[in-house]
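Chains A and B, in that order, are what the protein sequence lines are. The first sequence: position 163 = 163 (our numbering), numbered continuously. The second sequence: position 29 = 29 (our numbering), numbered continuously.
These aren't lab readings, by the way, just hints derived from the structure by calculation. Each hint should be verified, as a subset may be incorrect.
As the list claims (entries may be wrong) - Below, computed lysine-lysine pairings styled on DSBU-like, alpha-carbon distance capped at 35 Å:
#	chain 1	residue 1	chain 2	residue 2
1	A	LYS224	B	LYS81
2	B	LYS65	B	LYS16
3	A	LYS122	B	LYS41
4	A	LYS115	B	LYS44
5	A	LYS261	B	LYS181
6	A	LYS122	B	LYS44
7	B	LYS3	B	LYS44
8	B	LYS81	A	LYS115
9	B	LYS44	B	LYS81
10	A	LYS360	A	LYS224
11	A	LYS122	B	LYS23
12	B	LYS41	A	LYS261
13	B	LYS125	A	LYS193
14	A	LYS193	B	LYS44
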Amino acid sequence: MGGKRMIVSVAHNILSPLGMTSAENYAAVKASRSELKRHEGLWNLPEPFTASLMDREKVEDVFSEIADNKRYTFFEKIIILSAKRALEQTNIDPTSSKVLFILSTTKGNVFLLDKRETGFPKERVLLGVAARQMTEFFHNPNTPIVVSNACISGVCAQIEAMRNLESDAFDFVVTVGCDVQSAFIVSGFQSFKALSMESCKPFDANRTGLNLGDAAATIIYTRKDKITENEWVACRGAIRNDANHISGPSRTGEGSYRALKTAIGALNPDEIAFINAHGTATLYNDEMESVAIERAGLAQVPVNGLKGYFGHTMGAAGILETILSMCAIDDNNILATKGFDTIGVTHPLLFSNQNQPTDKKAFIKLLSGFGGCNAALLMAKGGASC
Amino acid sequence: MLKVYINTETVTVNDKPLVHKEKGAALLTELYRNHIGDYPKFFKMDTLSKLGFVASELLLQAEGKPRFEPREDRAVIFFNKSASLQADTAYQATIQDAENFFPSPAAFVYTLPNIVTGEIAIRNKYFGETSFIVLPDRDPQIMARQLQNAFLDPTTNSILGGWLDCTDENHFEAEIYLLNKS
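With the hints as extra help, turn the sequences into a complete structure.
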């Protein structure tokens, strides 16, 4: 397609317990692998929990090839590594003033609030200061912006990237999403009774809650006038609020419904391969998403969720799940919803625990989070379905 | 442009000082009692949400338009440096000691800076965009760029936004305003 300016993904990377490239992660997910494991006594927490955690020592081995491990926290190491591995696939000069870094995270270096942590200056707990460790590593001259909108941050960061390119403010945006698990986050979700003791079961009748996970993921976006049919276009995104409750989803799926309607625009739902839902496997989230999807007229579009492979990776989720959805369509595949077996939401949407073929070229990434926020993003390979 | 400024000692609405007696945490409660008073959920909020709630109420009272009519065209977009640091510190205190370990969901939910945008959306029935952006330091140019960019959403005609920072219960600063699509 030509003539109309489009926002295009030029490179991406995923660092997770399942691999250190997007391709490794996609292959692992396609093969139904997961590193969700039960942890007892970790971080002095009194209760066990099930989570997908990265091997800190393995990351340090890889990181030692590029910088001194002692200078950076684990969070900073994996945002730098993920951004670096994405940048290495391109000719982009990160020292250029036309390159912006956007970080999506909810809790960054929150572990530094623990009085027993003395290895780093306390100011690194500030999200902007943590983001600066990354931009200074790459000698990027611009001030990084950090999007911190709870669990929808990863899609919000991509929407901010699109806007900063559409408005000609920058030529490239390196969009990095990350959260690392800690006693702070795990105990908080435990206090909410939101965690499942076993591997999570998105949209399933027997779902009992979510699992948490570590990950960092990066997509680099640019603006192009002409693209090939193999390039991925970020078509439209929207952020909408339920205006209902700060920690409970809307019964009418208000914000997700409105975000979905805006993201779809005039597109015929028949062109959408699948909706990659938030699918946290909590009772209320999954039910709310089924209501919103049905209300938006998308009941005939297959729906999947990836939390059964990675857990909920918070600030990384929107970027990680967008990348895997692009990889899936590149492979003519709709990924299975690991953990799903028997439908457990009001609307009988098209969920499957098997990989399924597709020849369609577009998908929607949907997220929702505390604060009543919801976000949807339409992505289309080749741009024809924008 | 309608504007409200609040810090630990000063309150102005459209650059005119608003009379008050208290300072710090007590100032926000005084403003709530004298100018709002009908929203007891205020007392459950963390300091960042209290600050944003009070500032937004003063701003919308100054706007003088009918309140609480559902709308999707107004976004709520704030910036700060400290994210949810006051709430994070308060929550950390509940898990610091193994012998005194009492994590609370009511405290944990506020350990996200965007909760205040949700509080304002709920109060005013705003179904539009809500967003929170954290910067290394306050930067008017970046804030202006991001706010102008937000009008690229075709539904957004108005933004309630600005700076909203809080480091502890007694130290905070809000400078928020209403912007219209040009």
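Going through the hints against the structure:
1. LYS224/A <-> LYS81/B: 33 Å, holds
2. LYS65/B <-> LYS16/B: With a Cα-Cα distance of about 20 Å, the restraint between LYS65/B and LYS16/B holds, given a limit of 35 Å.
3. LYS122/A <-> LYS41/B: 32 Å, holds
4. LYS115/A <-> LYS44/B: 26 Å, holds
5. LYS261/A <-> LYS181/B: Holds - the C-alpha atoms of LYS181/B and LYS261/A are around 22 Å apart, at most 35 Å.
6. LYS122/A <-> LYS44/B: Within the cut-off at roughly 28 Å; holds.
7. LYS3/B <-> LYS44/B: Roughly 26 Å between the alpha carbons, so the hint for LYS3/B and LYS44/B holds.
8. LYS81/B <-> LYS115/A: Roughly 22 Å separates the two Cα atoms, so the pair holds.
9. LYS44/B <-> LYS81/B: Satisfied, since the Cα-Cα distance of roughly 23 Å is no more than 35 Å.
10. LYS360/A <-> LYS224/A: Answer holds: LYS360/A to LYS224/A is near 23 Å, not above 35 Å.
11. LYS122/A <-> LYS23/B: The given pair, whose Cα atoms are some 27 Å apart, holds under the 35 Å limit.
12. LYS41/B <-> LYS261/A: 31 Å, holds
13. LYS125/B <-> LYS193/A: 28 Å, holds
14. LYS193/A <-> LYS44/B: OK: LYS193/A and LYS44/B at ~20 Å, within 35 Å.
Going through the hint list in order, the structure satisfies each hint without exception.
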